[in-house]
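Asker: Using the sequences plus the hints, can you model the full thing?
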Amino acid sequence: MKSLVSINDIDKTTILKICQRALEIKTHGFSKTLPDKIIATLFFEPSTRTKLSFQSAILRSGAQILNFEADNSSLKKGETLEDTIRMTSAYADLIVIRHPEAGSALRAQQVSSCPIINAGDGTNEHPTQTLLDLVTILEHHGSLDGFTITLGGDLKYSRTIPSLLHALANFDVKIILASPQLLSLPDHLKANFQDKIILQTHSLKEGLKSDYFYMTRVQKERITGTTDITFEEDWILNKNLCEQYANQNTKILHPLPRVNEITTDIDDSPYQLYFTQAENGVYTRIALLEYILGVY
Amino acid sequence: MKSLVSINDIDKTTILKICQRALEIKTHGFSKTLPDKIIATLFFEPSTRTKLSFQSAILRSGAQILNFEADNSSLKKGETLEDTIRMTSAYADLIVIRHPEAGSALRAQQVSSCPIINAGDGTNEHPTQTLLDLVTILEHHGSLDGFTITLGGDLKYSRTIPSLLHALANFDVKIILASPQLLSLPDHLKANFQDKIILQTHSLKEGLKSDYFYMTRVQKERITGTTDITFEEDWILNKNLCEQYANQNTKILHPLPRVNEITTDIDDSPYQLYFTQAENGVYTRIALLEYILGVY
Amino acid sequence: MKSLVSINDIDKTTILKICQRALEIKTHGFSKTLPDKIIATLFFEPSTRTKLSFQSAILRSGAQILNFEADNSSLKKGETLEDTIRMTSAYADLIVIRHPEAGSALRAQQVSSCPIINAGDGTNEHPTQTLLDLVTILEHHGSLDGFTITLGGDLKYSRTIPSLLHALANFDVKIILASPQLLSLPDHLKANFQDKIILQTHSLKEGLKSDYFYMTRVQKERITGTTDITFEEDWILNKNLCEQYANQNTKILHPLPRVNEITTDIDDSPYQLYFTQAENGVYTRIALLEYILGVY
Chain A
8 MKSLVSINDI DKTTILKICQ RALEIKTHGF SKTLPDKIIA TLFFEPSTRT KLSFQSAILR
68 SGAQILNFEA DNSSLKKGET LEDTIRMTSA YADLIVIRHP EAGSALRAQQ VSSCPIINAG
128 DGTNEHPTQT LLDLVTILEH HGSLDGFTIT LGGDLKYSRT IPSLLHALAN FDVKIILASP
188 QLLSLPDHLK ANFQDKIILQ THSLKEGLKS DYFYMTRVQK ERITGTTDIT FEEDWILNKN
248 LCEQYANQNT KILHPLPRVN EITTDIDDSP YQLYFTQAEN GVYTRIALLE YILGVY
Chain B
8 MKSLVSINDI DKTTILKICQ RALEIKTHGF SKTLPDKIIA TLFFEPSTRT KLSFQSAILR
68 SGAQILNFEA DNSSLKKGET LEDTIRMTSA YADLIVIRHP EAGSALRAQQ VSSCPIINAG
128 DGTNEHPTQT LLDLVTILEH HGSLDGFTIT LGGDLKYSRT IPSLLHALAN FDVKIILASP
188 QLLSLPDHLK ANFQDKIILQ THSLKEGLKS DYFYMTRVQK ERITGTTDIT FEEDWILNKN
248 LCEQYANQNT KILHPLPRVN EITTDIDDSP YQLYFTQAEN GVYTRIALLE YILGVY
Chain C
8 MKSLVSINDI DKTTILKICQ RALEIKTHGF SKTLPDKIIA TLFFEPSTRT KLSFQSAILR
68 SGAQILNFEA DNSSLKKGET LEDTIRMTSA YADLIVIRHP EAGSALRAQQ VSSCPIINAG
128 DGTNEHPTQT LLDLVTILEH HGSLDGFTIT LGGDLKYSRT IPSLLHALAN FDVKIILASP
188 QLLSLPDHLK ANFQDKIILQ THSLKEGLKS DYFYMTRVQK ERITGTTDIT FEEDWILNKN
248 LCEQYANQNT KILHPLPRVN EITTDIDDSP YQLYFTQAEN GVYTRIALLE YILGVY
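Residue numbers (the working numbering), protein chains in the order written: chain A, 8 to 303; chain B, 8 to 303; chain C, 8 to 303.
Possibly wrong hints are sitting among the right ones.
[What the hints assert, rightly or not] Derived coverage of chain A by chain C (criterion: at least 3 residues anywhere in the stretch with Cβ under 8 Å from a Cβ of chain C; other residues may be distant): (1) 64-76; (2) 88-101.
[Claimed, not checked] Here are a few chain B residues that face chain C, going by a calculated C-beta distance under 7 Å: (3) Leu59; (4) Gln62; (5) Ser63; (6) Leu66; (7) Val266; (8) Glu286; (9) Val289.
[Said to hold, decoys possible] Sample of chain C residues lacking proximity to chain A, with all beta carbon distances greater than 12 Å (derived): (10) Met8; (11) Thr21; (12) Lys24; (13) Gly129; (14) Glu146; (15) His147; (16) Gly149; (17) Lys163; (18) His195; (19) Ser210; (20) Asp241; (21) Lys246; (22) Glu297.
Everything labelled a hint here was simulated from the structure, so no lab data went into it.
Quantities reported herein were computed from a predicted structural model and do not represent experimental measurements.
Note that beta-carbon positions come from the ideal geometry of N, C-alpha and C, so glycine has one too.
Answerer: Next comes the structure, spelled out in structure tokens:
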């Protein structure tokens, strides 16, 4: 039984297969490859994009949604995650789970009688975000080798960053780390990807010299004890900065939602690739559901 | 690409076409005219009737629901309405939106890549309520011309009233305004419909002399600074008042929910038409979805 | 028009028919016996298991879910349950309702234009839980006659207990009551089932000498004014207690969710039957939906 708890659960060949299938669906249109399947979406945390794109993917592939509202649930009565998963896996053919605790998706997999897809577990991983990031680069660049990508913004608290790094390790790429000093990539992660990292900077401007600039939302609520009050202004990306400092063909990616770290004047500029990225979420998640449920 | 943001987006011919289609569905039964369509219901405000009747309409026509829970969403992370709509319109074929701010549906339409239906934007408009009001009158009266209608209750804060007035302007009807003084129709609206308004009164009893008495919920929470404490009692409609003051064939309409402004002794009386009105919500919304998505 | 408000709404023959149909579905697999049906799930109280297993049952039988979120609803505007039900019954073919007030399901049935299934009304009844309890015993024991069952735990506040007692009254069974003194079965219920009750004890250990031990969650939040602080420890069931005091073939049932009243070391032991019971919820609810909607 296949699951996707960590991006490391799938190898390079499988990553490529899923990405190519996603682009095939985008080109040829939807088809009902998963009739009669019931797919549970268990979200123990707020989510718009991930949840809606999974649910759209479920419906587009002919399956049905079994939705769980964490706020209206037996959690209030004190039930363990394990009991909730045991039960839900008896009612569905696959579970998509988001949960605030790191490691929760793995705990779910250990007791589930159906496959699990991790839609974000605390600050740990967000492997389906990574797959759609790769689909977007594959679509744009034509390959997952031979490009430079800057990981920018909040590299300390983001859960998309670890998953993306693990996936990129499979490919021939160069990585730039660009973040405010307080939000640098943790050392244990940096050590693992030392051979790919060609530059570490605290300057947004310097980070822009790259094929892809992957911006992440600065998670202000998690930063305490800092006196660096100029921090925010320096890390807002606008069209003017792109025009002055980016390469001519630099594309801006962002897992979204954004707050104010990318100004809206980039939306209609040639630098923007983040809306395409969001759109690719549906194709990617269909391709993943099909893979997990054995369509290919 | 068609949308329905304001009732003024559709002309008299289109209004009649949608109303007639609704009654045709009521007579001939449901059919799967919208297979494979995904329709997003984005409700940023509490709703029972409008949401459930839209969702029932979606399912009855063979389409699927992509539901968005505003309380469990990225709104908490600070995303703009525009970004939320851009994303959702990539995941669905049509968006039904309710939002507390006047003008929000128009903002949604300006960035959406799929059609928008306004299911209520603040105190501005509620065009689908108006359509089902008209369907109910058409069914009962046989025409949308040649009747007198009293708009009663809270004419100041209700959003159904402006939409209904705009629609009625297309037809040969007489309008009576009946409201507590503090809740009179705003002057700018009154000016626009001067030629149809045959009477303005602050007496509920006087307003009952009409073919249709359209009662609206008094939105107590929005009224401040008044000392008129007898206000409520005078504006509760009961069967006894109907029998004393209404015409023999007067029918009571109400967008519902009601609190206490219509007593339940009217429910089983010949005056009641509000439950039929609520039931017509499904037929009307199917007819509208079909129109927007190009079935006719 | 059939409904299931109380377990007493169906006689012994019907109970057996529904239970047998549930096991038939479990053996032969799902089939789309309810295409084009819309089934509303109205949950005015938190629920995971009951709600998800109903929704899974709805989808497995080819019907569609019309879901109502009580927290985001017109309840805030003051609408009565009766008005909400009148409306919902115009939008759906069947309503499944859970509500915190005893008697609410009956009130719903009195105004509904479609069938009602009671999914729990306060401390009053929970008839579908009872049906799945019986399905589980029928599957395991081969009959609903000729066994001893202990009702254990909170017999005072549980709503599953009254429904189960009423159903068991139809069959040739022996009942043991085992509860902390403060949580004894109310006298009026005890009087009704006097001929079946062979023992009443306040000892968990004594209660374990039975074919089935039906444990219920101790609803701490409802117990006030007690000084019996050792109460909890005495009523936690673990594997060691089973091995010392239970019969060799005793099976533990529980409506779930559990908090800590059954320790997890029983989960993989031969005593455990509660996960099977939870799984049977889907088959049972499909069989019930089919019965109510006239498939058999």
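Asker: Would you mind marking each hint as holding or not holding in the structure?
Answerer: Verification of the supplied hints:
Here the segment 64-76 of chain A counts 5 residues with a CB under 8 Å from a CB of chain C, which clears the bar of 3, and the coverage holds. Coverage of the segment 88-101 of chain A by chain C holds. Counting CB-CB distances below 8 Å, 9 residues qualify, and the rule asks for three or more. A least Cβ separation of about 5 Å between Leu59/B and chain C falls short of the 7 Å threshold, and the interface hint therefore holds. Proximity of Gln62/B to chain C holds as hinted, the smallest CB-CB distance being about 6 Å (cut-off 7 Å).
This hint holds: Ser63/B has a C-beta 4 Å from the nearest C-beta of chain C, less than the 7 Å allowed. Look at Leu66/B: its Cβ gets to within about 5 Å of chain C, closer than 7 Å, so that hint holds up. With a least beta-carbon distance of about 4 Å to chain C, the hint placing Val266/B at the interface is held under the 7 Å criterion. Interface hint status for Glu286/B: upheld, as the beta-carbon distance to the closest one in chain C is roughly 4 Å, under 7 Å.
For Val289/B, the interface hint holds, the least distance from its beta-carbon to any beta-carbon of chain C being 6 Å, beneath 7 Å. The Cβ of Met8/C lies farther than 12 Å from every Cβ of chain A, with a closest approach of about 27 Å, so its non-interface assignment holds. Its beta-carbon lying about 25 Å from the closest one in chain A, Thr21/C satisfies the requirement of being farther than 12 Å from that chain. No beta-carbon of chain A comes within 12 Å of the beta-carbon of Lys24/C; the shortest separation is about 24 Å.
The Cβ of Gly129/C sits about 16 Å from the closest Cβ of chain A, beyond the 12 Å cut-off, so the non-interface label holds. Residue placement check: Glu146/C keeps its beta carbon more than 12 Å from all beta carbons of chain A (closest about 15 Å). With a least CB separation of 17 Å from chain A, His147/C remains clear of the 12 Å interface cut-off, as annotated. Every beta carbon of chain A lies more than 12 Å from that of Gly149/C, the smallest distance being close to 23 Å; the non-interface claim holds.
Annotated as non-interface, Lys163/C keeps its C-beta farther than 12 Å from every C-beta of chain A; the closest such distance is 17 Å. With 12 Å as the threshold on Cβ separation, the claim that His195/C sits away from chain A holds: the shortest Cβ distance comes to roughly 27 Å. Taking the minimum C-beta to C-beta distance to chain A, about 25 Å, the non-interface status of Ser210/C holds against the 12 Å cut. No Cβ of chain A approaches the Cβ of Asp241/C within 12 Å, the least distance being about 19 Å, so the stated non-interface status holds.
Listed as a non-interface residue, Lys246/C keeps its Cβ farther than 12 Å from every Cβ of chain A; the least gap is roughly 17 Å. Remark: the non-interface label on Glu297/C is consistent with the geometry, its nearest Cβ contact in chain A lying 18 Å away (cut-off 12 Å).
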